[in-house]
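S.K.: The lines below spell out each chain.
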Amino acid sequence: MVIIGAIGGIIALAAIAIAPSEALLGEMKPDLRSQFPSGAELLPPGPPKTPEGPEEKQIAETILEAYRLFAYADMTFDTSKFDTVLIDDPRFPLRSENTLEVIKAFGYIPPGAGMLTYMRAWYRNWERGALLLEGAERKAWTEGRKGISAEELNEIEEKLGYEPVFKRPEPVPSGWEKWFVFYKFDIRGDVAMCLYDDGGVLRQAFLVMKEGKWYIADNIPLWSHY
Amino acid sequence: MRSVGGLLVLLLMLVTMGETVGKAEAIPPAQTGADIRFLESANEVTRRIVMSPGYNREAARNYADTWCRGRNPTYNCGYTADCQNFLSQVLNAGYLPQLKCGDPWNWSCWWFTSCSDVSRSWYNVPTFNAHAQYWNGSRFSLRSSLYDLGVGDPMLSKCPGCSDWDHAAVYMGYGIAQEGTKQGQYTQLRSQHTTDRCRVWVWDYYPAGTQFRFWGVTW
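Listed in order, the protein sequences are those of chains A and B.
Counting in this note's numbering, the first sequence runs from 112 upward without gaps.
Counting in this note's numbering, the second sequence runs from 3 upward without gaps.
Keep in mind that the hints were calculated from the coordinates and are not lab data.
None of these values were measured; they are calculated from a predicted model.
Among the hints, a few may not be true.
What the hints assert, rightly or not - Which residues of chain A face chain B? A partial, calculated answer using Cβ under 7 Å:
| no. | residue |
| --- | --- |
| 1 | Glu176 |
| 2 | Tyr178 |
| 3 | Val283 |
Unchecked claim - Coverage of chain B stretches by chain A, computed from C-beta distances (three or more under 8 Å per stretch; other residues unrestricted):
| no. | stretch |
| --- | --- |
| 4 | 141–148 |
| 5 | 165–172 |
| 6 | 194–201 |
Beta carbons: idealized from backbone N, C-alpha and C, even for Gly.
Construct the entire structure; sequences and hints are all you get.
M.R.: Below you can see the structure in the form of C-alpha cells.
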C-alpha cells in the first residue's frame with residue numbers, strides 16, 4: 112500500500128511538472144516574428160524605399176538613433192540610454208543564438224530578456240575584454256615588447272570565458288547615416304518590421320510601439336557584406 | 003662510425019637551423035602550391051623555424067590590387083562569401099608560409115593545394131581568426147590600432163548579433179581611395195572581396211557596434 116501510494120505521488124508530481132498551469136499559460140505570449148516574412152523571404156531586398164508618413168519616418172529615426180547610441184557606446188561603453196530606443200518585449204523574446212552573449216555578461220538569462228538586454232550584454236562583454244587587453248598591451252610596451260604574448264592572450268580568454276576584443280580604435284566616421292538604405296516597412300498596429308541596410312549588414316528589425324513611441328525589440332542580421 | 007657521424011652532422015644542422023617548439027612545422031616562404039611540407043603527425047612537437055626574408059608586403063599589396071575585383075582561377079572555388087579566401091591569397095602572395103597538416107579543420111594549419119585540398123582556415127573567417135590567435139607571437143600579433151598594422155595585414159570584423167567573425171579585409175596602408183565616401187582623397191585604405199572593394203577608405207561601411215580584430219603579420 113505504501114509503495115502504491117508513493118508511486119501515485121510520483122505520477123502526480125510528474126503530471127504537475129509536465130502540464131503547464133493556467134498562470135504559466137497566461138504569461139506565455141506568441142513570438143510575433145513568425146507572423147512576418149522570414150529573412151530568407153526578404154532576399155533580395157528589392158529597390159530602396161524612402162520612409163513615408165509619420166510612422167515610417169519615426170521607425171527610421173528610431174533605428175538611426177539606436178546607431179547614434181551604439182556609436183557613443185563604441186567609444187565609452189555607456190549603454191545608459193539604450194532604453195530610449197531598445198526594449199525587452201515578451202512578444203520578441205531573446206533568440207537562442209543570442210542567449211550565450213547574455214549569459215556571458217550576466218551569468219544567467221534575466222526573465223523577459225530581449226533586445227535591450229542583449230545589446231547591453233554585447234557592450235558589457237566587449238568592455239571587460241577591452242580593459243584586460245589594454246592592460247596587457249600597456250604591460251607589453253613597458254617591458255619593451257611589441258605586442259601581447261600568446262600566453263597573455265590565452266590567459267585573458269580563460270579568465271573571461273570568451274574571446275576578448277579591443278575597443279574600437281576610432282569613432283564611427285561622421286556622415287555614416289548616408290550608408291543607410293531602407294527597403295521595407297511593414298506596420299501592423301503596434302508592431303512593425305523594417306528591412307534596412309546599415310552599410311555593412313542587411314538587417315530585419317522588429318519594433319513595438321509603447322506610449323506613442325517606437326522601440327526596437329529585435330534585430331536580425333541577414334547578410335554581412337561591408 | 004660513419005652512420006653515427008652522419009647523425010651527428012644532421013643533429014648539428016637541425017640545432018643551428020632553429021629552435022624546437024609547438025606542434026606545426028613552419029616552412030620557408032614558398033611559391034603558390036610549391037614546397038609545402040607535410041606534418042608528420044598531429045602530435046608532432048617540434049618545429050623548425052627557418053630563416054626567411056619575411057612577409058613581402060609589396061607582393062601582397064600587388065596581388066590585392068590585381069585581384070580585388072576579379073577571381074584568380076586557381077582559387078576560384080565558388081565560395082558564397084569570398085572575403086577570407088581573398089585575404090588568404092594575399093597573405094600567400096606575400097610568401098607567408100603555408101602550414102599543411104592532415105586535418106583541414108585543424109586551425110593551427112593553413113594551406114591551399116586545390117579547391118578540394120584546402121584548410122578551413124584558408125576560406126573561413128572564424129577559423130582563420132583561431133589560426134592567427136594560435137600563432138599569436140610568431141606568425142601574427144594582435145594589434146589594437148590600424149597604426150600598428152602594415153600593408154597586407156588582416157582586418158577581421160564582427161557585427162552585433164552575428165555569432166562569430168564574419169568578414170575579412172586587407173589593410174592597404176595609405177594612398178588615394180579609388181572608391182567610396184573618400185574617393186580621390188589620400189587616406190588609410192583597405193581592399194576586400196564580398197563586397198569587392200579596391201582601396202576604399204579603411205573605415206567605410208563599418209557601422210557602429212562593429213568589432214574588429216587586427217592581426218599584424220610578424221613573420
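S.K.: Go through the numbered hints given earlier and state which of them the structure violates, listing their numbers in rising order.
M.R.: 1
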